[in-house]
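Full structure from sequences and hints, please.
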Amino acid sequence: MTLKSLAVAFGLATTALSATPVLAQYPERPVQIVIPYGPGGATDLSARALASALSSHSSEPFVLVNRTGAGGATGSAAVANAQGDGYTVLAARVGSHTVNPAMKANLPYKLEDFRFVGVYEINPVVCAVAADSDIQSMDDLIAKAKQDPAAVRYSTSGVGSMLQIAAAMVLDSFGVENVKEVTHLPLAGDGEAALAVYQGTATFICTNSSPLASFVKNGQLRPILVTTSEPVEGFDAPTAASLGHEDLESLVGWTGIAGPDDMPDEAAEQWRSWLAEAVKDETFLKFMKQVGSQVDLMSPDESLEFVNNQYQTFSRLVDELGLRVE
Amino acid sequence: MSLMDQIGMGFALVAQWQSVGYLILGVTIGVIAGAIPGMSAVMAVALTLPFTFSLQPIFGILLLLGVYKGGVFGGSIPAILIKTPGTPASSATTIDGYPLAEKGQAGKALDMALYASCIADLVSNLALILFAGWLASFALQFGPPEFFTLILFSLTIIAGVSGDSLLKGCISAILGLFLATVGLDLVYGTDRFIFGSPDLMGGLNFIAVLIGLFAIPEIFAYVRQPKEIDGDVRKLGHVHLTFAEFRRSLKSILRGSFIGVILGAIPGIGAAPAAFVSYSEARRNSPNRANFGKGEIEGVAAAESGNNGVAGATLIPLLALGVPGDVTTAIIIGAFMIHGLQPGPMMFATNGDMIYAIFIGLVLSSAILLLVGGAAIRGFRYIADVPRYVLLPSVLVLSVYGVFAVNNSVFDVAVMFAVGALGYAMLLLRIPAAPFVIAFILGPLLENNFRQSLLMSQGSLDILARGPITWFFWGLTVLAIVLIVRQTMQASRERADLATLSPSPSGAPTAGRAAE
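Residue numbers (UniProt numbering), protein chains in the order written: chain A, 1 to 326; chain B, 1 to 516.
To be clear, the hints were calculated from the coordinates, so they are not data collected in a lab.
Yeah, the Cβ is synthetic: ideal placement off N, Cα and C, and Gly gets one too.
Don't take every hint at face value.
[To be verified] Partial pick of chain A residues on the chain B-facing surface, computed with a CB cut under 7 Å: (1) G69; (2) T74; (3) A82; (4) G158; (5) L185; (6) G191; (7) K289; (8) Q290.
What follows is the structure, encoded as structure tokens:
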């Protein structure tokens, strides 16, 4: 019966129809959530807020573990290779699961190594320049990039980061032909990258709204584009769609929970209901709103489709622009 | 609302028993977390953050600031007692702190660490309150070229912590630089020395390297020769700091505080380089130069004032500009924003009472650190009396546990033992460990800033001398090198003179040499 239900689940690639749980007791011991980025980062804060919202719904505690390194690859590889018992899950992030796989040829894991139980937050991507810069709009920026690509610099949090692909995708969408000639300035984190634009070290940055929020509120950075279809509160900038670039709407940050590919149905099912509870939690919603995220729970199928679509978009772009890292 | 009103309201915010209570709680958590090897101040702050969401804004922020300040000091306790820096920033403290503990003067070293920390903390807080705007705009002029020259200058301190042989110091530094290259390169994302292992992709864990380098060699040494060290029974660690020693070190403490303030205000440097620069400057200027590294109380004072001087100053870019200067302040900015507060120039107008409440709370925190730290020292100093056959195995267990806890990774524990073996070999060859640590911290910064500068200038080296700040550090670097060359030549001449006078070997320090 176990085999059969597994086979059904596998065949349909869904947990929506999963059979009655065999062992009704998950979790029997603490569940480890691996965060592939450092303490205090967007993924870390998001996962910690999630875990504290979940704590009242689980009989067992959640153990949050930061396994940092290599742009999220070290922690992701650790979960991909972990035992598929449902007691080790990953706070998967745009950087570790769509950008890295699209850009790095020799990554020690693939998307298929994971079972997604749900993407629960979406972060808009915002492009910004320094407030005292003479660039007022995307048109100004693109004109500059076309005229002298090497003199335009975009700051990122490293090779294979979401920031790098975001800037490249925006430039490409707006018709800059030699995107590779625009100077890429990798820094140690997205905070430093935003600071570099404010200092004038870099010309522009495209990243999630949260590291930029403080700079924009203080009038230090000027947002010139948001990629979501709706305008983002606090960021007075046109949406990509309003400028005729609907293709940029797939460029968003996200966080989700994923287990190793052999994670049992029962655990995946439990996680689904946990996530459904968490996205109703007042404190959690308030926190996510403060850091500029939109809480939006996707079902496992939707999550997988969403992640795959983004991965394919990024892969195509990486191939076109020759950004792959060997 | 006038300034006095705002200060008055700020005072009212702090003058609640809860404010003081949360500050005390924070400092206590911080000191304990800092004292546990493997728990850094950053981790303690990150773990405390979720608990502040439900608190009133001022309580939550004071709690976090308390944790941060306590954590920076707490690291010095194991650094002195068991040669295991509790936080990276306290690795400079081990250089003289541990030899003092070896001589049975742990109590004295801990006292000095506490006083130096509190004074530097106070100086740092006052600098924040009085010069925040000015220091912040200075700090913002630091781009990659300025960083590069600053770090190049900082590398000259390797000479100051090399002990007797500059050559051995350089060997140690080169080993550190080499191990720091492991992992993905920042600029092109190329794999370096990872041998296909995902664990190595992220580079060697800093805490694992640190503990491996300092604590593990002591244990290896004891396992091989337990008798030799056991014969020299450690005295009870109850020797207190005398006022004369304090006064002698005061200059170094103040110098360290200022170094900490300047380096702390610049985003992205952190407390460890400040501690080393302060230590090296103190050594250069001290009449007891020869005793540094062998248990010089002034060395402890310099290292601790350097790293605590950073603590208040990192808040300068945060409060003056709303810019987080390091990971800790990035977490603290999150605590502000969850309560709808926006740090930055506007906050003085919109939430002035809050700013002044933080200022008052910070000054108060220096005093609380003195009390809580004093109590912690009284509790912890008995560790110095524990016999080595009990202490060292405990240190080993604690080190394994601490290193594992950073990343929940057995691989990191393996790294710790591998570096421990290297550290033991270095100990046998009398190669000092401090230059290794400095190079390991500064090497990647040097490389990245150099390459970032060249990316900015599209390959032209002119950018490395683009303004007054770069010229200043180039000048300092040249000056430091000239001084090092002169001192080295002088020392070798003295050694030659000595050799002609007496046939006994000199130079290498004997382990049990008493302090004056």
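Against the structure, the hints:
The criterion of a C-beta within 7 Å of any C-beta in chain B is met by G69 (chain A), whose closest approach is roughly 2 Å, and the hint holds. Hint status for T74 (chain A): holds, given a least beta-carbon distance of 4 Å to chain B, under 7 Å. Given the 7 Å rule on beta carbons, the hint for A82 (chain A) is violated: about 11 Å separates it from the nearest Cβ of chain B. With its C-beta approaching chain B no nearer than about 6 Å, G158 (chain A) sits inside the 7 Å limit, and its interface hint holds.
The interface hint given for L185 (chain A) is met, as the beta carbon of that residue sits about 5 Å from the closest beta carbon of chain B, less than 7 Å. The interface hint given for G191 (chain A) is met, as the beta carbon of that residue sits about 5 Å from the closest beta carbon of chain B, less than 7 Å. Taken as an interface hint, K289 (chain A) does not check out: its beta carbon lies about 10 Å from the nearest beta carbon of chain B, beyond 7 Å. A least Cβ separation of about 5 Å between Q290 (chain A) and chain B falls short of the 7 Å threshold, and the interface hint therefore holds.
Comparing the model with each earlier hint shows violations of hints 3, 7; every other hint is respected.
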